[in-house]
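Asks: The listed protein sequences derive, respectively, from chains S and Y.
So that you can map any letter, position 46 of the first sequence is 46 in the working numbering, and since no number is skipped, the others follow by simple counting.
So that you can map any letter, position 170 of the second sequence is 170 in the working numbering, and since no number is skipped, the others follow by simple counting.
Rather than coming from a laboratory, the hints here were simulated on the basis of the structure.
Cβ atoms here follow ideal geometry from the backbone N, Cα and C, with glycine treated the same way.
Mixed in with the good hints there might be a few duds.
Stated by the list, open to error - Covered by chain Y, according to a simulated footprint, are these stretches of chain S (three or more residues, beta-carbon under 8 angstroms):
id	stretch
1	37-47
2	60-69
As the list claims (entries may be wrong) - Chain Y side only, calculated, beta carbon under 8 angstroms to chain S, not exhaustive:
id	residue
3	His34
4	Arg253
5	Thr272
6	Arg276
7	Val278
Unchecked claim - Simulated restraints on C-beta separations:
id	chain 1	residue 1	chain 2	residue 2	range
8	Y	Ala291	S	Glu84	26 to 36 angstroms
9	S	Ala45	Y	Ala274	17 to 27 angstroms
10	Y	Glu316	S	Asp86	35 to 45 angstroms
11	S	Ser64	Y	Gly6	42 to 52 angstroms
12	S	Glu119	Y	Val306	35 to 45 angstroms
13	S	Ile77	Y	Ala274	54 to 64 angstroms
14	Y	Leu304	S	Asp93	19 to 29 angstroms
15	Y	Thr275	S	Ala49	23 to 33 angstroms
16	S	Met1	Y	Arg25	28 to 38 angstroms
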Amino acid sequence: MIVPDELRYTAEHEWVAIDGTVASVGITDYAQNSLGDVVYVSIPAAGTAVTAGEPCGEVESTKSVSDIYSPVDGEVIEANPEIEDDPGLVNSDPYGAGWLMRIRLADDGPQADDLLTAEQYAELTKEDE
Amino acid sequence: MTGFAGWQMPLRYRSETAEHHAVRRAAGLFDLSHMGEISVTGPGAGAALDYALTGQPSAVAAGRARYTMICAGNGGVLDDLIVYRLADQEFLIVANAANTKVVQDALAQRADGYDAQVTDRTADYALIAIQGPAAAKILGPLTDISLDGVKYYASHRAHVSGREALLARTGYTGEDGFELFTAPGDAEHVWTALADAGSGDGLVPAGLAARDTLRLEAGMPLYGNELGPDVTPFDAGLGRVVKFDKPGDFVGRAALQAYAEAGPRRVLVGLTGATRRVPRHGYAVLWHGQARGTVTSGAPSPTLGVPIAMAYVDPEMARLAAAGGAGGALAVDIRGSAEPATMVDLPFYRRAD
Numbered sequence: 001m002i003v004p005d006e007l008r009y010t011a012e013h014e015w016v017a018i019d020g021t022v023a024s025v026g027i028t029d030y031a032q033n034s035l036g037d038v039v040y041v042s043i044p045a046a047g048t049a050v051t052a053g054e055p056c057g058e059v060e061s062t063k064s065v066s067d068i069y070s071p072v073d074g075e076v077i078e079a080n081p082e083i084e085d086d087p088g089l090v091n092s093d094p095y096g097a098g099w100l101m102r103i104r105l106a107d108d109g110p111q112a113d114d115l116l117t118a119e120q121y122a123e124l125t126k127e128d129e
Numbered sequence: 001m002t003g004f005a006g007w008q009m010p011l012r013y014r015s016e017t018a019e020h021h022a023v024r025r026a027a028g029l030f031d032l033s034h035m036g037e038i039s040v041t042g043p044g045a046g047a048a049l050d051y052a053l054t055g056q057p058s059a060v061a062a063g064r065a066r067y068t069m070i071c072a073g074n075g076g077v078l079d080d081l082i083v084y085r086l087a088d089q090e091f092l093i094v095a096n097a098a099n100t101k102v103v104q105d106a107l108a109q110r111a112d113g114y115d116a117q118v119t120d121r122t123a124d125y126a127l128i129a130i131q132g133p134a135a136a137k138i139l140g141p142l143t144d145i146s147l148d149g150v151k152y153y154a155s156h157r158a159h160v161s162g163r164e165a166l167l168a169r170t171g172y173t174g175e176d177g178f179e180l181f182t183a184p185g186d187a188e189h190v191w192t193a194l195a196d197a198g199s200g201d202g203l204v205p206a207g208l209a210a211r212d213t214l215r216l217e218a219g220m221p222l223y224g225n226e227l228g229p230d231v232t233p234f235d236a237g238l239g240r241v242v243k244f245d246k247p248g249d250f251v252g253r254a255a256l257q258a259y260a261e262a263g264p265r266r267v268l269v270g271l272t273g274a275t276r277r278v279p280r281h282g283y284a285v286l287w288h289g290q291a292r293g294t295v296t297s298g299a300p301s302p303t304l305g306v307p308i309a310m311a312y313v314d315p316e317m318a319r320l321a322a323a324g325g326a327g328g329a330l331a332v333d334i335r336g337s338a339e340p341a342t343m344v345d346l347p348f349y350r351r352a353d
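Using the sequences and the accompanying hints, generate a full structural model.
Replies: Pasting the structure below:
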C-alpha cells in the first residue's frame, strides 16, 4: 500500500494536497484497493460548498458504495473531468490522474494541522487490516 | 482476502472486472474449497434423500447431477444444493459453506430410519472450478477422459494432471465449465497445472467478487440474498425443483403444496438501472413512489455495462410493470433518491450456443 509522505490524510481514507489556499483531494491507495474496481464517482460540481467531515459525493465499485467526505471547509472549484469517462483512474493512479476535486479553502476552515500525517494514516490502516 | 464463512477467501486476485470478462471471453480459475461436501451412502441413500430434499435423487442416474433444495417443514429454503449421484448407493451433496452444518444436521436427522450414512466430507475435498468458453480446451489435454462425453450436470471420475479427481460439468457463472473435486493435497498441483496450461488462452484466477457478478448476470440465486429460511422455492421462481409427483412424503411437502396452490406471495424480477448508481441489497423498489419490493442483489454489470439487480416485488407490481406503458413508474430508492429502473427478464446474460 502506497502512502506518499508529502500528503495529508483523513480517517475516511481521503488524501489532501494543500497548495496555498487550494486543496486537491482524492481517495487513498488503501481505499481504492478495499473498494475494488471503481465504476462511478459522484463528485460535487464546481461552486458547491463543502464542510469538513460531511459527505459530498460517492464512489461506486463492483461490490459497494462509499461516501466521499470533504476533508476541509471550502468551495469546490474543479471536479476531475476525466473521472466521468474513466472512473478506473481512481484505481490505477489514486494519487495522480485519479484525483477527484480541488477545493478553495474557507478562510476560517480547518487547516492541514487537523489532518493526519502519512505516518498516522499508515498506522490507522494497519490497525484496520 | 476476505473472511467468508470461516474461510479466508480471495475477493479478487487483480481486477475483478478483468476476471469477470476473462470468464465470459476465455476462462477463469476459482478456488471453491470452502464449499461443503456431504456424502450420503448406503442401500437407503436414495430414499433418504427423496424424503430430505425437494428433488428426487433416487431417480437420477449414476454419473448425473441435479440442482435441488433442502427445505424446512414450513417450506422455507435451508439451502440450495447440487446432488451428484456417483454410484447407485453413493451421493455427494455440495452445500454453501455457511450452511454446511445446517444441511449436515438436517440430513442426518432426516436419514434416521433409513439404511444410509451421512458424512461431512468438506475437509476431504478441495474444489477447483474452471469456467468459460475456453475451459474444455484447457482442461481436455490434462485429463484421461474425453470431455465430449461429460454432459452438462454430469460427473466422471478422472485424472487431472495425474491426480485423481471427480470431474463435473457444473458451475455458477453462466458459462460452460467444470468443477474438480480433489484431495486437498493435490489441489495446488492441479491448480498450477491448469493455470500453466491456460495462460496462453487467457485463463486467469478469479475471486469471489467476479463469481458474484457472473452468477448475478446469469440470474442464479445466492443463498442469503435471493434464498433464505423465509423464502420458498416458488418465491424464487424455482418451483421446478419441487417434485410433488415423487412417491412418498418429503419434508415440507404439505407447506410447499399450499404455496404452490396459493400462487407466489412475491416474485423475483430482474431490474436494470437507468443511471450509473447501483441498486444494492436491501434497497427499496418503488412503483409510483411507493415501496413495493426489495433488492436482493445488485451490481454494475461488467458485460452489459449498466447496473443490474434482482429484487422481490409483489406480484401485482410485477404484472403492471411487465405490461409496460408506465414509463418512469419504476425506480429504486438509492440512498434517498428515486433512480429510474426497468424490469427485464432473467437472466440478464445467456451465453450464445
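Asks: Please go over all the hints and tell whether each is borne out by the structure.
Replies: Going down the list of hints, with the structure as the test:
no., hint, verdict
1, 37-47, "holds (count 4)"
2, 60-69, "holds (count 5)"
3, His34, "violated (18 angstroms)"
4, Arg253, "violated (39 angstroms)"
5, Thr272, "violated (14 angstroms)"
6, Arg276, "holds (4 angstroms)"
7, Val278, "holds (5 angstroms)"
8, Y/Ala291 x S/Glu84: 26 to 36 angstroms, "holds (31 angstroms)"
9, S/Ala45 x Y/Ala274: 17 to 27 angstroms, "holds (21 angstroms)"
10, Y/Glu316 x S/Asp86: 35 to 45 angstroms, "holds (42 angstroms)"
11, S/Ser64 x Y/Gly6: 42 to 52 angstroms, "violated (22 angstroms)"
12, S/Glu119 x Y/Val306: 35 to 45 angstroms, "holds (42 angstroms)"
13, S/Ile77 x Y/Ala274: 54 to 64 angstroms, "violated (30 angstroms)"
14, Y/Leu304 x S/Asp93: 19 to 29 angstroms, "holds (27 angstroms)"
15, Y/Thr275 x S/Ala49: 23 to 33 angstroms, "holds (24 angstroms)"
16, S/Met1 x Y/Arg25: 28 to 38 angstroms, "holds (31 angstroms)"
Of the hints listed earlier, those the structure fails to meet are numbers 3, 4, 5, 11 and 13, in rising order.
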